[in-house]
Each structure stands twice: as structure tokens, then as C-alpha cells.
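Given chain A, work out where chains B and C should sit, using these hints.
For reference, the chains in residue letters:
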Amino acid sequence: MLLLCWQAILYSQERFPRPEFESGYVYATNQMPTQRAPGWEYLDVTVLVIALAVTSWLALKKRSRQGLIWMSVFSLAYFGFYRQGCICSVGSVQNVALALFNDGYTIPLSALLFFIIPLIFALAYGRVFCAGVCPLGAIQELTGFSPLKLNKRVEIILASIPFIYLALALLFASTNSQFIICRYDPFVGIFRLNASYTMIIFGVLLLLAGIFVNRPYCRFLCPYGVLLNVFSRFAGRHLTITPAECTNCRLCENVCPYNAIIPSDLDQKKENPEKPRKQFIIYLILIPVFALTGALVLYNLAPALARVNTNVRLAGEIRTEKETGIESASKAVIAFKEAGKTEAELFSEEQVIIQRFIKMAPWAGVFLGVSLGIGMISLTVRTRRDEYKPHKGKCYSCGTCFKYCPVKVTT
Amino acid sequence: MDEEKNKYQSRRDFVKKAGKLAIIIPLALIPVALSKKVSASGYVWQIDPFKCTQCGQCKTNCILTPSASKCVHAFQLCGYCDLCGGYQRQGVKNISTAAENQLCPTAAITRKFIEEPYFEYTIDEALCDGCAKCVKGCADFGNGSLYMQIRHNLCVNCNDCSIARTCPSNAISRVSVKNQYIQKDKRQK
Amino acid sequence: MNLKLTEKDISLLKVISQIAGGFTLIIALTMIFSLIQLKVINPLDNPALLSVKEQFDKDPANGAKAEQVRAMDLMARKAYFSSRWQVEAGSYLLLAGGIIFILCQRLISGQEKRNPLFPGEKPVTSIQKRGERKYLLVAASVISITAVAASFIMRTELPGLSGQSSSISTEEKRSKETAPDPDKTNYPFFRGQDSRGIAGGSGYPTEWDGASGKNIDWKITTPKPGKSSPVIWDDKIFITGAQDKTCEIYCINKKTGAILWTGSASGIQGEPSVLPEMDQEAGLAVSSVATNGKEVCAIFANGNILCLDMDGKLKWSKNIGLPENTYGYSSSLLIYKKLLLVQFDSNTKLSLIGFDIESGEQKWETVRKGRPVWSSPVLGYFNGSPQLVINGNPAVTGFDPITGKELWAVECMSGDVVPSVAVNGTMVYAVTDYAKLVAIKPGTGASIIWEDNTFTPDVSSPVANDEFLFISTGNGDVACYNAAKGDTLWTHYFMDQFYASPIIADEMVYLLDRSGVMHIVQAKPKFQLVSESALGEATDCTPAFSDKKIYIRGKKNLYCISKN
Numbered sequence: 001m002l003l004l005c006w007q008a009i010l011y012s013q014e015r016f017p018r019p020e021f022e023s024g025y026v027y028a029t030n031q032m033p034t035q036r037a038p039g040w041e042y043l044d045v046t047v048l049v050i051a052l053a054v055t056s057w058l059a060l061k062k063r064s065r066q067g068l069i070w071m072s073v074f075s076l077a078y079f080g081f082y083r084q085g086c087i088c089s090v091g092s093v094q095n096v097a098l099a100l101f102n103d104g105y106t107i108p109l110s111a112l113l114f115f116i117i118p119l120i121f122a123l124a125y126g127r128v129f130c131a132g133v134c135p136l137g138a139i140q141e142l143t144g145f146s147p148l149k150l151n152k153r154v155e156i157i158l159a160s161i162p163f164i165y166l167a168l169a170l171l172f173a174s175t176n177s178q179f180i181i182c183r184y185d186p187f188v189g190i191f192r193l194n195a196s197y198t199m200i201i202f203g204v205l206l207l208l209a210g211i212f213v214n215r216p217y218c219r220f221l222c223p224y225g226v227l228l229n230v231f232s233r234f235a236g237r238h239l240t241i242t243p244a245e246c247t248n249c250r251l252c253e254n255v256c257p258y259n260a261i262i263p264s265d266l267d268q269k270k271e272n273p274e275k276p277r278k279q280f281i282i283y284l285i286l287i288p289v290f291a292l293t294g295a296l297v298l299y300n301l302a303p304a305l306a307r308v309n310t311n312v313r314l315a316g317e318i319r320t321e322k323e324t325g326i327e328s329a330s331k332a333v334i335a336f337k338e339a340g341k342t343e344a345e346l347f348s349e350e351q352v353i354i355q356r357f358i359k360m361a362p363w364a365g366v367f368l369g370v371s372l373g374i375g376m377i378s379l380t381v382r383t384r385r386d387e388y389k390p391h392k393g394k395c396y397s398c399g400t401c402f403k404y405c406p407v408k409v410t411t
Numbered sequence: 001m002d003e004e005k006n007k008y009q010s011r012r013d014f015v016k017k018a019g020k021l022a023i024i025i026p027l028a029l030i031p032v033a034l035s036k037k038v039s040a041s042g043y044v045w046q047i048d049p050f051k052c053t054q055c056g057q058c059k060t061n062c063i064l065t066p067s068a069s070k071c072v073h074a075f076q077l078c079g080y081c082d083l084c085g086g087y088q089r090q091g092v093k094n095i096s097t098a099a100e101n102q103l104c105p106t107a108a109i110t111r112k113f114i115e116e117p118y119f120e121y122t123i124d125e126a127l128c129d130g131c132a133k134c135v136k137g138c139a140d141f142g143n144g145s146l147y148m149q150i151r152h153n154l155c156v157n158c159n160d161c162s163i164a165r166t167c168p169s170n171a172i173s174r175v176s177v178k179n180q181y182i183q184k185d186k187r188q189k
Numbered sequence: 001m002n003l004k005l006t007e008k009d010i011s012l013l014k015v016i017s018q019i020a021g022g023f024t025l026i027i028a029l030t031m032i033f034s035l036i037q038l039k040v041i042n043p044l045d046n047p048a049l050l051s052v053k054e055q056f057d058k059d060p061a062n063g064a065k066a067e068q069v070r071a072m073d074l075m076a077r078k079a080y081f082s083s084r085w086q087v088e089a090g091s092y093l094l095l096a097g098g099i100i101f102i103l104c105q106r107l108i109s110g111q112e113k114r115n116p117l118f119p120g121e122k123p124v125t126s127i128q129k130r131g132e133r134k135y136l137l138v139a140a141s142v143i144s145i146t147a148v149a150a151s152f153i154m155r156t157e158l159p160g161l162s163g164q165s166s167s168i169s170t171e172e173k174r175s176k177e178t179a180p181d182p183d184k185t186n187y188p189f190f191r192g193q194d195s196r197g198i199a200g201g202s203g204y205p206t207e208w209d210g211a212s213g214k215n216i217d218w219k220i221t222t223p224k225p226g227k228s229s230p231v232i233w234d235d236k237i238f239i240t241g242a243q244d245k246t247c248e249i250y251c252i253n254k255k256t257g258a259i260l261w262t263g264s265a266s267g268i269q270g271e272p273s274v275l276p277e278m279d280q281e282a283g284l285a286v287s288s289v290a291t292n293g294k295e296v297c298a299i300f301a302n303g304n305i306l307c308l309d310m311d312g313k314l315k316w317s318k319n320i321g322l323p324e325n326t327y328g329y330s331s332s333l334l335i336y337k338k339l340l341l342v343q344f345d346s347n348t349k350l351s352l353i354g355f356d357i358e359s360g361e362q363k364w365e366t367v368r369k370g371r372p373v374w375s376s377p378v379l380g381y382f383n384g385s386p387q388l389v390i391n392g393n394p395a396v397t398g399f400d401p402i403t404g405k406e407l408w409a410v411e412c413m414s415g416d417v418v419p420s421v422a423v424n425g426t427m428v429y430a431v432t433d434y435a436k437l438v439a440i441k442p443g444t445g446a447s448i449i450w451e452d453n454t455f456t457p458d459v460s461s462p463v464a465n466d467e468f469l470f471i472s473t474g475n476g477d478v479a480c481y482n483a484a485k486g487d488t489l490w491t492h493y494f495m496d497q498f499y500a501s502p503i504i505a506d507e508m509v510y511l512l513d514r515s516g517v518m519h520i521v522q523a524k525p526k527f528q529l530v531s532e533s534a535l536g537e538a539t540d541c542t543p544a545f546s547d548k549k550i551y552i553r554g555k556k557n558l559y560c561i562s563k564n
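Residue numbers (this note's numbering), protein chains in the order written: chain A, 1 to 411; chain B, 1 to 189; chain C, 1 to 564.
Since the hints were made in silico from the structure, they are not lab data.
Think of the CB as a built atom: it goes at the ideal place given N, C-alpha and C, for glycine as much as any other residue.
Be aware that a few hints might be false.
If you want a taste of the chain C side facing chain B, the calculated C-beta under 10 Å gives, among others [to be verified]:
#1 Leu-35
#2 Leu-38
#3 Asn-42
#4 Pro-43
#5 Leu-49
#6 Lys-53
#7 Ala-66
#8 Tyr-80
#9 Gly-201
#10 Lys-441
#11 Ile-449
#12 Ala-484
#13 Leu-489
Next up, chain A with everything else stripped away, as it sits in the complex (with noise of 0.2 Å):
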């Protein structure tokens, strides 16, 4: 039956020819509205470049943390609320993926820009994206009324989702099957005041669990903080806790809900240089052999991770529909079935896109592995500060600080 509806419609044939009217009626056309215009996606970039500058001065020059507030404030109606949380910087990354792996997918140039401008900051001015424009990291900000601190161990563990976030993420866009990071996004749902409700209900949880774990997203989900992170910490200016000299009056050491301050050590007694040495060295050594351990684990756990494409699950389903007998319900086999495609062609696709990933995991888990030994030896060299500053990877630049450090610029 579907069959014959087939194979009028790609004909053209039509099972009941077209009416002739005799009393003059005339055909009714259709509304086809169609999306607002390109141009305001460029409106949006310009926005984009207003309110970081507008962060970066609030941050770093003025240092007023209500400022920074009602940045938040802004961003969040307006990126969250008015633009509806899409596209944002965070989800551009698979964007970026998906346009240099794969040829069918030209990327729009306001998505570019919405990936490379809040890096362009953060290397000039540290993380100022995060402090008042990005609105997942606003909303946050908002809710966070009394925070704890966490452990730090428990937070260095934690600290790493992020970076198995962004490989998983990358690997998934640029081997086009699906883009994670849009779809367990829980804020958003908030923001469209529409979603499935277990998306809701998710972020809901996640902004009380945020009332006491400030920023939860931002310190151990966020897939585009591994990249702000990195370049943050080679930024020209940061945002520093004190407006001139610090006085070490250890005042501001437990104020950050992000544990993201890094106190000065010059009490503490000096380590004798050669331990810490050796570790450096030892793991630098070592980052070679991470990056190959995880090459491995990766090239074994692809075939696995292959899955999440729809088109290796559908091959899945129609062989075990082969191998048991038992017919699969899924709406995917049926249309499948009705579509005429044959299962050679659905069985070699699979095998490309299991390729694809066989070629594509290793290199994440190379990245992974880098990071890895990057951590270790960056939790081995010895610091030799005078001064309380905040960790430059780690400090989202909200100003939290500001109002604890009795140092006051006489003008």
C-alpha cells in the first residue's frame, strides 16, 4: 500500500486527478512564515561584543561586582530569555566540529563568531565571558546564595567531567551523529519555558543544588570552560582580588565560592627543589604514556561509542531482528523497511561510520590523555608567589572577591 503511495508521490501520479472547477474557484495559497532574518544573528554577535567589553571594563577597571550582577541580569533576558539560550558559545564547539569533519555542512558565520570571540577575551582579559554574558553561567550566578566549599580533592575529580565532556562532544559532532551537548543542556528548558520535563526537572535540580555548590555547570559540565580555561590562563590582563598591592592579610582566602584563589606561600617553609623536580620531569615523561593509554582505551571503547549514530543503531536492530526472528517494533525499522533503501547499502553505511570513529576516537582520547599528564604536572610545580591572585584558569572573573579586600586605591 505505502508502497503505491510511493511511488505516486515521487511521480507525481496521483491516485484522484486534480478537480476542473466549473464555478471559478480559485486556489487558496499557503502562509509559509518564514524565520526572522539573517541579519539579526549578526545583532546578536554585535551584542555579543558589546557585553563582554562592557564585562571586561565592570571586571577588571571599575571592579564592582554589582555591576558584573546586572550584567548577569542582562544577559540573562536577553541571550537567555529573548534569544532563547540558541546558539550559544557553548554548543558552538560541535558546530566547529561537525564543519571541519564532515563536507555536506557549511557553518554559519554568526556561530563562528559566537565560538571564537568569547576565546578572543578570555586570552585578553581572562574569563569574563563567564562572569556576565554567557547565560547559563548568569543564572547560576543568580542562585548562588550561600555557597560551600568543597573539598579540594573531591573538586579535582569532579573538575575532569568537563574535559570527558568535551572529547565525548567533539567526537560525536565530528563524526555527525549527535550533538550532546544541546541535548542534556538543562538550562535551556528553562530558558524556552519549554521542554520535556525531565530536562526541566534536571536543571531545576541542578540550580538548588547550585544554591549551595556555586556555578555546578560551569565547575564540572561545561564542555567550552575546558577551552576558556586554557586560554585564560595565558590571558594579557586578569581580573586580580586586590585593586593594588596585596597585603597577604589572608582576609580573601575562603571568600570564593569557587575555591579559585591561590594563596601566596612565602609563610610556608620551601620545599627542597629536588622532589618536585623529579615528579615534573617524571611526568612529563609520563604524558606520552597517557596520551597512548588513552589512544587505546579510546580505539577499544569506539566501536561501543559508535552506537549513539541512529544509523549503526538501525543496522543493530534490523541484524538481531534477522538473527532472533522476532520482528522489531520500532518505528525506525518499519520506516526503514517502507523506504526501500536495501540493507547492503544500511550495513556498509554502518561500516563507515564505525571507521569513521575507529580513526576519530583515539585522537580524543590522545586529547584526554594530554590533559591528564597537563593536571598532574601542573599539581607538581612549585609556586613561588608573594601575593594572593586568583588561579587564572579556574576564576570566573564575578567579582566575589572584590568587597573582602581591604586594600582601597587613594586617588
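Showing chains B and C alone in chain A's frame:
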């Protein structure tokens, strides 16, 4: 002591400079690599009605309630039949606009008599919820003039369309903003 | 904001925030409930409404039922739209409540005096760092080990990375097949090619008269009587006949009517000594012969199967067991590729058996469920693959002709199922007397598309092409339906009963009634009688068409009719 500190500082500076270069280069290379693959305009999601199997997931999987995908009528393709496969339920005995005969659960299709024996069927978009029952009926028994399309005044244009993700026949894809709709009556396939 | 708020203000803010918080929570819960109601318990598809609709369908004239359906439909729609409205409005209320709550909380916490905490002892950084390193390494190793374990566990579910899966796919890859066009010469099974009831070629005679011999090319007496319909390959006609226990197959030259050879199907090992219960008039030779140009096979109602080559030399023979059923075994044979397909119906066992046509070895047997029937299998091509469809009791079932595997079944029949199914490019049509006519869309999830119970034949099998379905009944009614939608396009009452199945040839439908009169109508949506020709003898068998000639088997004689 100072010397050591200076050496230390210069080493640090060197590492810092090297690191900065190491990350600026890929950042600069990305737009260059993508220069051919950048489009000035955006994209929208689009249902290909020739691939659609009317599975009904457009209604349930869209993150919006009601769904942004609705049924559209290609009047030029319609047969204007008395017994409309998309309007009447299957096996209905007497043809009328009565509720027990209608296929559409929200009564979004209106039937108007034009002249013997032709009837015009129009869809009220405000009532349509995208369940694709009428599309299936029309495809099975009619000319296939009713088809699903994503309405772009409603669609939020997610980066990852949740209907596209689960479409069993991969009928939804990203297309350029320039051709947002496939209009069945204008398309020669 | 350096607002100085008094104690009273703060307590007021606290109260407001609590109210806002509580309000938000309540709205959130109701909204989630509404959302669940909308998406999961879809009010438009609720089972009560569906069952009322079903009841109405069974009894469409009932006005009260119609009213009930309307009322319930309206209620369902109201529920749906109100849920939708609730969700929309609720989300805004939620947002408002949330904003108020957050605002109050911020103001409150902003006012909280935070005394500068003088921190305790500073932790030794090197020890701190060592601890962090340890934890990080441990976490990383745990994750890697789980990943490796997962990859090994999941590996077994996936195709091998090398050629393993491709070998599976080539082995089972079958190129898409479509129904071959009916041949103009060969009429190899009961009701022609694939048993579909459509004859190939054109230019068949439309007028003849048995009494005067007009257009009758030749006429011979069949040596032994039987009810099997003639089957043709090249120049040979095959029919079977039986007298008491003696079963024979005859090969007749279609040009002259001379009997070329006779094959004996008696004395086969395993043959039952007692005649089975059957219609006395019918005899043992009821099933039609099947041929593929190389072999010709016949089956008799005592379970004897005979396979000969085209010259009458025996290739193999066997007895597959005595089929015990009320009217006597009558299913005709089919050949698909290298398999001889036998629909076996006995009170004790129902099955579909595939024999290798050259050796007679049984390749597979698929047991069928239900009660024995007297229909014959039909080969249809759907979605590019062939399916063997059997009209059964209670289910119409589709099988894979190569493996015998059951593909789908739809339960819709009851009673004495005799007519075989009709197939076209996309649908299967099954009918039984005192039951109904159903149009089934075959394949996975096969379902009934439309049904009708106005005309139900007791013996004659319907025939369909992609546009029309034709039925002739034992009352003398002939009906034409729209094949896709089931609308009755025309009906006509002929005085005589129809047992022979209608055949579509030359865009005309040839309907042979029991008295030997062939009624020919146009295969069109409007009734148009072309001609009526009398043979002069009672006929029950379905005619065969080949090379512009029609071959009809009457009670005693076999006729060849041509235009001359």
C-alpha cells in the same frame, strides 16, 4: 638568589609565551580551515515530505508544546474528494463533518463544499498539533496533498532538533535559510 | 546596591520570598502534572474514546452511539486544549514566582553581615597538591578501567570490524524482486503465474458457443474426472484425474488436444489404503498441477506427490501423509525458485512444506496454527521481497518462500475458508463465506486497511490488480471494489453460481459460472458486459489462458477456445 629567581622568571615567561603561541595558532587556524565552509546566513530545520513516513513523532518530540511542526495543505495537489482519506476516518459509512467521522483529533480540518462533487479542505493552524494522522490518511488513500512542515515562525531553531534526532526516516535536515520550506505543489520530483 | 534595609524589611522580604518560593513550587508541580498529562496520557487518544469509536464503527447507523462519540470527542479536545493552555500560562507564572523568590533571596543575603573570617591554619600546599594528584590519578585509572571493561562487554554486540559483518550482509542480501509480468504463454499454476489470477498476453477470444462449436478449436474427453484446473507450459497442458484410488496426471498437446503422456500417481510408497473423507463428487484429483518448465508436480487428496520431467519421466514421488479434513484436501501447488511449496491442511496438522524440486528432499516445514482450510497459497511481491500468502483460519498469514518463516499474520477469518487470497502490488485481499472480505497491508505490523461483508464467495477466489478487486460469489453476484479504499464501484447479479475463480486478461474479467457460461466484463470502474458465451457443459474449474487461447475444463471434457 636573585639570579635564580630571574632565571626562574625567564623560564616561566618563556613557557608562558610558548603556551600562548601554542593556543593562538589553532585558534587562528580554525577560521582559515573553515573559510570555505562558512555561510553568511543561517540554517533552519526542514521536513522532507517525500521521506516522511507520518510516524507521529513530530508532535511528541518537539521541545515546544504545541509542536512547531504542523500539517500544510498543497491545494494544487488535492483531489477535492468527497471521501477524503485525510479528513474521514477509515471505513466510515456516511460522509459528513460529524465528529465520529473525523480523523483529526483536534478538529483542525474544515470541510467546505465548493461545487459538485468537490470539497475544499483547509487546516486551521492554531488547532493543528502536528500528529500527522491526516497526513497518513491522505498519503495512504489520497493524493498526498497534506504534508508536514516545520513552521518557522514557531520553531526556535535549536542547534540539535529533537524531532530530527528521532525521525525514523531521517526526513528532517538542516537547510539554508534561503529555502526554508519544501512546497509539495511547487516541487517537481 | 548599598541599600540599608531595616530588620523589619528583612523579615518582610523573608516572608515574601517564602510565599514566592511556595507558590513557585505549587505551580511547578501542577505544570509538571499537566505536561505529563499532555505528552504521556494523551487526552486525544484516550482508550475510552477509542473504544466508543470502535463500537460506533460496528454499528454506524446508531444515532445514540454517534452522539456519545461526539460528546467524548469534545471532552477530549477540551481536556487537551486546557492542558496546553495550563502549561503555557503556568510557565509564565513559574517564571514570575521564581524571579520574585530569587530577588528577595538576593536582597536578604546581600544584607547579611559577613564578618571577615580570619582563616585558620593555612594548609601546606605541597601536601595538598600531593593529595590532589593522588585523587586525580586514582579517578583517571578508574575511568579508564571502566571504559576498557565497557568496550569489551559491548564489543560482542557489534559486528566485527573486519569482514565478518559484510559476509553476513552478502549472504542474506537478496536483490529486490518485483512481481514478474504474467507470461503470455505459460500459465504454470492454479490461477496462472504466482496464482494471482492475471493472465498475460492479449487477444483472447470473447465469444464462442459450445453447442454449435463456434470458436471451439478442439475438445477432448478427460480420461478420468477431476476438479483440478488446467495448467500450461509452452505447448503442454497438464491436468490430473482420479477414479477411486487411481490417480493420474495427463500431459496434453495444447495445439491438437492429443494426450502426450500419462503419469501414474498410484502405488506410491506410503499411500494410504483407505480413501480419505472427502466430497465424493470431487475425487482425489482436486489440486492443480504446478510446473516450471523443467519439472511438473502434482499432489492428490490422499497425500501422494508426484514429480516428473516435461516428458513424463518420473523424478521422484512420495506420500506426505493422509490429509484428513472434511471436504478433502484441495490446496494447489506452487513452485518458487528451486522449491516446491505445499500447503498441507489436515485436522491433525497444518503446515507449509518446502521440498527441493529436483530431489524431493524436504527442506523445511513451518507449522501453521488454526484449523484446516481449502485455500491455495499465492505468491505476492511486497517491498521488493516475495511472500507466500495463505488464507487461513483464523489468520491470513504471509511466509518467506525461501525459508518458510512466518512473516506476519492477521486474524480475521473464520468458518470454511476456501477462496485463496488475491494480491496486487501492495495489498492482500482475503475473503471467506459467512465471514468478511478484508484488505490487508502485508509486512511487519500487517493490518487490515478496509473490510466489507456484503459479498462473500464460498469457493471462488477474488482477483485484484492495482486498481480494482473483483469478486464472484456462489449466489451469482459479481462485485468490483476500489482496490485501495474498498469502495464498491459496481455490482451485478448474474443468475448462475460462480465456483471458478475470475481471471483478468486483456483488461477484461472472465467469470465462468457453474453452468459453463463465461461472462466477460470490462475491468473498469463501471459495469460493462462484453459478452456471455456458453460452453454447454457444467464447469467448476478455473480456465487457463495461453497464446490467445482459452482452455476450459468441464465436468467431462477439456475445451480449447480460440478466435477463428
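So which of those numbered hints doesn't the model satisfy? The structure breaks hints 9, 13; every other hint is satisfied.
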